[in-house]
Amino acid sequence: MGGKKAGSPDKLIVNGKRLDGRKLDELRPITIKAGVIPNADGSCALTMGETRVVAAVYGPRECFPKHFQLQDRAYMECIYTMVAFSTTDRARPGPSRRSTEISKVIKDALLPAVFMEKYPRTKIDVYIEVTNANAGTRTAAINAAAVALADAGIEMRDIVTAIASGKIEGQVALDLFEPEDNFGEADMPLAMMPKTKEITLLQLDGEITREEAEQMIEMSMKACEEIYELQKKALKDKYASEKSAEVEGEGDENGSV
Amino acid sequence: MEKLYVSDREIVVPGDILAEGIEYLPSGKAYREGEKIFASVMGMASVKGRVVKVIPLAGRYMPKKMDALVGKVIAVLPGGWSIEINSPYAADLPLAEGTSEYIPRGADLTRFFDLGDYIFAEVTLITETKFVKLSASRRPYRRLRGGILIEISPVKVPRLIGKQGSMVGMIKDATGCEIVVGQNGWVWAKGTPEKEALVEKIIKTIEVESHKKGLTDKIKKMLEENK
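So the sequences go chain by chain: S and L.
For the working numbering, add 342 to where a residue sits in the first sequence, where the first one is 1.
For the working numbering, add 979 to where a residue sits in the second sequence, where the first one is 1.
Hints are not guaranteed to be accurate.
[Claimed, not checked] Covered, in the sense of this in silico footprint (three residues per stretch, anywhere, with C-beta under 8 Å from a C-beta of chain S), are these stretches of chain L: (1) 988–996; (2) 1014–1020.
[Stated by the list, open to error] Think about it this way: if two alpha-carbon atoms lie no more than 27 Å apart in a straight line, the pair counts; the simulated BS3-like pairs of lysine-lysine are: (3) K580(S) <-> K1183(L); (4) K1112(L) <-> K408(S); (5) K365(S) <-> K580(S); (6) K578(S) <-> K1191(L); (7) K1191(L) <-> K460(S); (8) K982(L) <-> K537(S).
[As the list claims (entries may be wrong)] Only some residues are given here: those of chain S computed to face chain L with a beta carbon under 7 Å: (9) P402; (10) R403; (11) E404; (12) F410; (13) Q413; (14) R415; (15) T464; (16) A492; (17) G495; (18) E497; (19) M498; (20) I501; (21) K574.
What the hints contain is simulated information worked out from the structure, not anything from laboratory work.
Heads up, the beta-carbon is just placed ideally off N, CA and C, and yes, glycines get one too.
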């Protein structure tokens, strides 16, 4: 093992606890709120510890530019951006190599869950803004975007849930935060559809053994189930009062003159 | 192995299991995977006999055959009109379906429906790839002259109409306005300017409070206050 990286804290694990007091397999506190942007068809504000993201979904709407139109299914555009003040150093606005790649993997993580074939020739826009970055932005973005898609009333098989796990000081840990992400040994984001346990995103940065990988996947999948419940709760909360609605007068399905 | 997992009018989200067993039939926004039936949108579960479905709480309007719509003419073409119907798709109103009148060759089509006109029409055909055809040649489908357009969420339309048109009928009787409710969430109203403003206010109230109890009484009160 070589020397420490500059700015690195002495230890990432003290007395079995991490620097923010969490256990190794503990999530950061998560808050999710659906329907935060009135002008969007669906939206979601999500925080995971210090990481904050806002997602907005527009559509399905007419597809522009026209040559992106697909005759048998919808086209999805996903744009992930970090606002200038989201990081310690100012993030230069506009698309970057990193944000283009993350937009692409988020789109690929969400696509298997959406019934794209129900909306031929249309476009679904997913915009994600990271307002504060503290590691795990792509997983937070996926969680928020999935809730926003459901909030938009788009037909989906399931809600996609994501979480990162990693390796710090040789130990497997869940949901890394900034110092662990910067000075840890590995970072592995994972997205899945909890209903079928299908994995829709799996990336790895760093070196881990096969056993560690298995342990991390298992740990992440367990955490995803927890987040899944929070996502569902956020959506249901938006319509909590709807439950008490009386069957007063649901009209016929047709227009009226 | 039949089992029902939800009660009627329970809020469900995509991926929620609704029922199990081949006895149950998915309809609307529910889908089957093997033996199980799941919800595909966020909405209210509805169980009627063997049929399990989800009534959506949000979402854009998706055209269906036989739907009666309010649309806006966005293009006058050589063979008909192109109509915006508040959905991701524009609809076609062919020449033959536009009016019951005889249209001679080379006639000026703007005489029937001009650019920007609002019309009340019915969906007569919709293809797999969502090409929509309308018809406005039979009563009550027609050109809507004057009046105002009110936009509401398409999922709130049944509430605005009410049972056998009770809600919208009440507004019509009280205000004396002509009101046309399109399934696509566009509502056209025509009357005196004051009454039109009142209709808009009332329809917006219905949209916001569609899920609340005693809405009919509240609307009745509003209408009486503004007589």
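Going through the hints against the structure:
1. Against chain S, the stretch 988–996 of chain L contributes 7 residues with a C-beta closer than 8 Å to a partner C-beta. That satisfies the three-residue criterion, and the hint holds.
2. Beta-carbon proximity to chain S at under 8 Å applies to 3 residues in the stretch 1014–1020 of chain L; the threshold of 3 is reached and the given coverage holds.
3. Between the alpha carbons of K580(S) and K1183(L) the distance comes to roughly 19 Å, so the proposed pair stays at or under 27 Å and holds.
4. Proposed proximity of K1112(L) and K408(S) is supported: the alpha carbons are some 21 Å apart, at most 27 Å.
5. Proposed proximity of K365(S) and K580(S) is contradicted: the alpha carbons are some 32 Å apart, above 27 Å.
6. Using a Cα cut-off of 27 Å, the hinted pair K578(S) and K1191(L) holds, with the two alpha carbons roughly 16 Å apart.
7. Using a Cα cut-off of 27 Å, the hinted pair K1191(L) and K460(S) is violated, with the two alpha carbons roughly 31 Å apart.
8. Distance hint between K982(L) and K537(S) is fulfilled; the C-alpha atoms sit about 18 Å from each other, no more than 27 Å.
9. At a threshold of 7 Å, the smallest CB-CB gap from P402(S) to chain L is about 5 Å, leaving the interface hint in force.
10. For R403(S), the interface hint holds, the least distance from its beta-carbon to any beta-carbon of chain L being 5 Å, beneath 7 Å.
11. Hint on E404(S) holds. Least Cβ distance to chain L is approximately 5 Å, under the 7 Å limit.
12. With a least beta-carbon distance of about 13 Å to chain L, the hint placing F410(S) at the interface is violated under the 7 Å criterion.
13. Look at Q413(S): its Cβ gets to within about 6 Å of chain L, closer than 7 Å, so that hint holds up.
14. At about 10 Å, the closest approach between the beta carbon of R415(S) and any beta carbon in chain L exceeds 7 Å, and the interface hint on this residue is violated.
15. For T464(S), the interface hint holds, the least distance from its beta-carbon to any beta-carbon of chain L being 4 Å, beneath 7 Å.
16. With its C-beta approaching chain L no nearer than about 5 Å, A492(S) sits inside the 7 Å limit, and its interface hint holds.
17. Nearest Cβ of chain L to the Cβ of G495(S): about 2 Å, under the 7 Å cut. The hint holds.
18. Satisfaction of the interface hint for E497(S) is found here, the shortest Cβ-Cβ separation to chain L being roughly 4 Å, below the 7 Å cut-off.
19. Proximity of M498(S) to chain L holds as hinted, the smallest CB-CB distance being about 4 Å (cut-off 7 Å).
20. Annotation: I501(S) was flagged as interfacial toward chain L, and the flag holds, the nearest CB pair being 6 Å apart, inside 7 Å.
21. Annotation: K574(S) was flagged as interfacial toward chain L, and the flag holds, the nearest CB pair being 5 Å apart, inside 7 Å.
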